[in-house]
Each structure stands twice: as C-alpha cells, then as structure tokens.
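Student: Protein chains in written order, with the working numbering: chain D, 2 to 297; chain U, 2 to 297.
Quick caveat, the hints were computed from the structure, so don't treat them as lab data.
Careful, some of the hints might be misleading.
The list treats identical chains as one, so a pair stands whether inside a single copy or across any two.
[Claimed, not checked] Below, in silico cross-link-like pairs of lysine-lysine (BS3-like), each with a Cα-Cα straight-line distance of 30 Å or less:
id, residue 1, residue 2
1, K23, K143
2, K144, K205
3, K23, K144
4, K144, K114
5, K144, K5
6, K143, K205
7, K5, K112
There are 2 protein chains.
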Amino acid sequence: MLNKVVIFGVGLIGGSFARALKHAGAVNTVVGMGRSPASMARALELGIIDVVGGDMAEALNGADLVLLAAPVAQTGAILAAIAPHLRPGTIVTDAGSTKSDVVAAARAALKDKVAQFVPGHPIAGRETNGPDAAIIDLYQGKKVVLTPLAENSAADIETVAGAWRACGAILHTLSPQEHDKVFAAVSHLPHLLAFALVDDIANKPHAALLFQYAASGFRDFTRIAGSSPEMWRDISLANQPALLAELDAYMAQLTTLRAHLAASDGAAIEAVYANAQHARQQWSEAIETAETPAPK
Amino acid sequence: MLNKVVIFGVGLIGGSFARALKHAGAVNTVVGMGRSPASMARALELGIIDVVGGDMAEALNGADLVLLAAPVAQTGAILAAIAPHLRPGTIVTDAGSTKSDVVAAARAALKDKVAQFVPGHPIAGRETNGPDAAIIDLYQGKKVVLTPLAENSAADIETVAGAWRACGAILHTLSPQEHDKVFAAVSHLPHLLAFALVDDIANKPHAALLFQYAASGFRDFTRIAGSSPEMWRDISLANQPALLAELDAYMAQLTTLRAHLAASDGAAIEAVYANAQHARQQWSEAIETAETPAPK
Numbered sequence: 002m003l004n005k006v007v008i009f010g011v012g013l014i015g016g017s018f019a020r021a022l023k024h025a026g027a028v029n030t031v032v033g034m035g036r037s038p039a040s041m042a043r044a045l046e047l048g049i050i051d052v053v054g055g056d057m058a059e060a061l062n063g064a065d066l067v068l069l070a071a072p073v074a075q076t077g078a079i080l081a082a083i084a085p086h087l088r089p090g091t092i093v094t095d096a097g098s099t100k101s102d103v104v105a106a107a108r109a110a111l112k113d114k115v116a117q118f119v120p121g122h123p124i125a126g127r128e129t130n131g132p133d134a135a136i137i138d139l140y141q142g143k144k145v146v147l148t149p150l151a152e153n154s155a156a157d158i159e160t161v162a163g164a165w166r167a168c169g170a171i172l173h174t175l176s177p178q179e180h181d182k183v184f185a186a187v188s189h190l191p192h193l194l195a196f197a198l199v200d201d202i203a204n205k206p207h208a209a210l211l212f213q214y215a216a217s218g219f220r221d222f223t224r225i226a227g228s229s230p231e232m233w234r235d236i237s238l239a240n241q242p243a244l245l246a247e248l249d250a251y252m253a254q255l256t257t258l259r260a261h262l263a264a265s266d267g268a269a270i271e272a273v274y275a276n277a278q279h280a281r282q283q284w285s286e287a288i289e290t291a292e293t294p295a296p297k
Numbered sequence: 002m003l004n005k006v007v008i009f010g011v012g013l014i015g016g017s018f019a020r021a022l023k024h025a026g027a028v029n030t031v032v033g034m035g036r037s038p039a040s041m042a043r044a045l046e047l048g049i050i051d052v053v054g055g056d057m058a059e060a061l062n063g064a065d066l067v068l069l070a071a072p073v074a075q076t077g078a079i080l081a082a083i084a085p086h087l088r089p090g091t092i093v094t095d096a097g098s099t100k101s102d103v104v105a106a107a108r109a110a111l112k113d114k115v116a117q118f119v120p121g122h123p124i125a126g127r128e129t130n131g132p133d134a135a136i137i138d139l140y141q142g143k144k145v146v147l148t149p150l151a152e153n154s155a156a157d158i159e160t161v162a163g164a165w166r167a168c169g170a171i172l173h174t175l176s177p178q179e180h181d182k183v184f185a186a187v188s189h190l191p192h193l194l195a196f197a198l199v200d201d202i203a204n205k206p207h208a209a210l211l212f213q214y215a216a217s218g219f220r221d222f223t224r225i226a227g228s229s230p231e232m233w234r235d236i237s238l239a240n241q242p243a244l245l246a247e248l249d250a251y252m253a254q255l256t257t258l259r260a261h262l263a264a265s266d267g268a269a270i271e272a273v274y275a276n277a278q279h280a281r282q283q284w285s286e287a288i289e290t291a292e293t294p295a296p297k
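Could you put together the complete structure from these sequences and hints?
Tutor: This is the structure in structure tokens:
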C-alpha cells in the first residue's frame, strides 16, 4: 500500500494511473500537480485526485511515489523543481515515450539523487486526453516497460513495478537504449510516416478530391496522424538518432520496392507483400491472444 | 427490375452485390460463375445465387447485367471469354480497384462491343473473402465510382448506376485516369507503405523483440498489410504509373522531413504534423458524417 502518490499531469496517463491505483486499494492519498487550474479542479471533482498540490515542498513531503505524466518537454523542468525537495524514501518515475533523453535529464536535474529515479513507459494510449479521458482499466493487460538505472535499488524498482501491477499492467524491462530503438521502429516511425502521408495529400492541389475518396484503409493507416503534433514533435526530437536510423532503413526499403515496381517485377513485389502479410498475421495472433483478458 | 444478373466471382464483392440486389427486390435470377466448384456450391447453398452457371453462352443468354468480381488479374480472360456471346441489351460492368488497365483490357477483348462495358469500382472492402463473407449491407452508404467510356449510352450507365443504388451505394463519376490517380494516393500507396514497413521490421535480426512491443498504433497503421499479397501485387502493377508518381512524391516528402529531423528543426516538424492532424480531423468529420447512415 502506498500512502501518498504525487502525479504531475492528471490527464489520460496520470489520471488513469490514479484511478487504477485507487480502484485496487493500492494508495491512500493522490496529490495532483499541474499547470492548468481547470484540469486540476476537474480531476478533483471526478475523484481522480484527493488534493490539488501547490507548494512543491509540501506536495513531496512524505510522498512514496511521484509519477511524471505531464508532456515530456516539461520533464527536465519538473525534475529540476523536484530535486531540492526530494527526500530519501521518495521514488520518482515517469511515463515518457522515450527513455535515453529522460535518463539524461534526470541525471542532470537530480544529480546525486538520481538513484531515486526509476524510468518507465506504459504502452497504452489513445487520442483522447484530459482528466475526463482517465479510466480505471487503461493499463489492464497492457505492457509497462521499466528501463532501470544502474544506481536504482532492487526495492525501489519493485515499488514502481508493484504500482503498475496494481493497475493491471504486465511489467517488462529494457535498457533505455534498447527501449528507444524498439519504439523508434514500432511506434515513432509509423507516426512520422502517417503524419507525412496526410500532409503530402493535404498539400496537393486536388486534395479535396483525394480526401473525398479516402476510405477505411486510409482511416486506419492514418489514425495515428490524429495524435498531438506537439507531443510527437517532442518524441521525434527526443529520439532523434534512433528515429533517423529507422527512417533511413525504411527509405532504403521503399527505394528497393520502387525499383521492383518500375521494373514490373511482380514476383519481387509479391514477396515483400506476402512476407509482410505473414509476419503481421503471426504478430496479430500472438499479441491479440496475449492482450485479451481471459473471460471471467 | 433486372431479370437476370450474371456475377463472375461470388465472394465478398460479388456475393454482397447479389445479396443486396435480392434484398432490394431488384433482380429475378442471379447466375454465379467461378472457377471454384466449392465456392459456387456454397453461394448456392447460402441463397446468394440461384443458378451455378457453366456454359458461357447459356449463362449470358438473356442477361441484363454482368458483374466481374473475380480477381482483377482474370479480367482480360473473362472479357475475352464473354465477348463472342455478348448480345445487344446485355451490359457488363466490373468492380476492379484500377480502371485504366481494365478499360484497355475491355477495348482489346470486346472490340466493337466495348460500348456495352461500363467500368466501375465500389469503395468497400474488408479483409474477409469467400461467399460466407458476403453481406446485404456492404455497400450501404458507400461510394461506387463509375468511369464511363465515351462509347457508353446514358441508358446503359444508368442501368449500372441503378443496380448499385439499389444496393444502397452513392454513385460518383470520374474518368479512368482521374480514378487511378486518386486511388494511387489514398489507397494503393498506403497499402504499399504498410506492407513495406512490416516487411522491413520482419527482416531485422531483432524482429521478435520489435513485434513484442508493437501496440495499437502499429496495429491500425499496418491493418492493410493483412490484405491479400496477390491482389495488391496486381493492383500495384495495374496502376504502376500513378503509383510510382505518388511514391516519388511521398519519398520526396520523407526526404524533407528527414532533413528537418536531422537539423532538430522542431518548428518545421511540428508544422508538418499539425497540418496533417488538422487535415485528417477535417476529413474524419466530413467523411464519418457522410457515411454514417441516418438513424431510423
């Protein structure tokens, strides 16, 4: 049981963490911290948080766990503001989509207290946001990746892992570098590609005609281009080296496929498409089985 | 009322056309033609067709309308087989995803009877196939694009349009060339990009690790990579010139975006992402409003 949890940012990610912990009876008091008084008031009204925090020292006093769930661009500033008031026994974690940059920011801001910071990334998201988007079961059956530091104690890592398990999540561990390479490939690159396609179409002179005939395939392919431009700008920049490497590999793949198409090489095109279809089918069967909760 | 409709291919597209026409009371007899005796027997058993056609002359005798809904690679061969038995008063249409190549095939096969061929493309599809996938309302509220020939009579075009309207579809008209440019951009290119991404990931040495962390964004982005490799090979080749042009434009877009990322130009990246998000939101609101049937 955690006595006091402080959450920076009480939208979809932070608010759902609070709701799930409360639902599991895993926390006594949740203190919300954030820049928008309206969001804080709404989170309080919805029962997501028990207290709207103001003064940093008071908010952190006696806290067992601090979750950073504000936009990642604020991570460094929040860590710097926390640092002077961070006492032994308080563990800080985050929910950022990139980890190498967060670790660097944490080392810079927390200095000799960095052992108290256990980086994390819940793999759950939607296009909705704000306290009203927060739900009890956002993390149910979903993965949370922790990327612990060499300085972290096993007990502190377990405190963070235990909180996420109480939310129904399945815990995984990667190094920050592994994490960033993996998510560059399976998340950050697809977002960049979807944004690029919609922008490409929107800038054509006959964009209105094109959009008129876009159908369900287009809808699903571009769903992630409905995500927050600011958030994905920050993620793209934060994971720049890994994302550039994945983008280069993909552009090389497109160059090859273009050559097959220009040469009318149906067998080579079909080989690429068939390998993709097969791999996706295997993935879909494995993942959907793993993430579908057992019937009650 | 159509007295006799002949359908080549009684899977999702052809079978749903038959079901919808029957449901609307718009046809007396549906004759199914196809290479798989098992599929034909199943379509008969399900009541999708009334007769399994065998002899081409007999099947076409007295037919008002013929729909080609077999894989597009068979279009030329089917048209050539139809040609000698095609009598005045019978109109032929198709459901292919590309139109310039179909028009060329129709001109080659039907010669002086080409005026009887009205090309079409219903914008409806799923990953399912076969007679069991056929449903009454596949076309309800969906677009059907006709790309008439200069030789078509207004009355023949209206017969095809009327059949699709009886299925609940909304009729649009484009030239074959316009059609192929539009669908290269909003359908064929996204399919190629999704296949390319999954193949790219599947070929990496750490593919298993990557797939393990792929989540809902990846699932939606790559859903169309679950489509038939043969069908999309054929579509890619059939629409080669327009698809190459769209692919080149997209690769130029990626090259620009890569330069922004390499230069850490957050403002330029955000401009692309924000334009895409805005355009997609507008599209989503307009399309989803248009395609959602009014409450009954």
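Student: All hints, please: hold or fail.
Tutor: How the hints compare with the structure:
For the homomeric pair K23 and K143, the shortest alpha-carbon distance inside one copy (18 Å) is at most 30 Å, but the shortest distance between copies (45 Å) is not. With identical chains, the CA atoms of K144 and K205 are at most 30 Å apart between copies only, with a shortest distance of 22 Å across copies and 39 Å within one. For a Cα distance limit of 30 Å, the shortest separation of K23 from K144 inside one copy, 20 Å, qualifies, whereas the shortest one across copies, 48 Å, does not. Only within a single protomer do K144 and K114 lie at most 30 Å apart by alpha-carbon distance; the minimum there is 27 Å, versus 61 Å between protomers.
Proximity of K144 and K5 under a CA criterion of 30 Å is satisfied intra-copy only: 24 Å inside one chain copy versus 56 Å between copies. Taking identical chains as interchangeable, the C-alpha atoms of K143 and K205 lie at most 30 Å apart only when they sit on different chains, with a minimum of 24 Å there against 39 Å within one chain. Proximity of K5 to K112 under the C-alpha cut-off of 30 Å is restricted to the intra-copy arrangement: shortest distance 24 Å within a copy versus 81 Å between copies.
No hint from the list above goes unmet by this structure.
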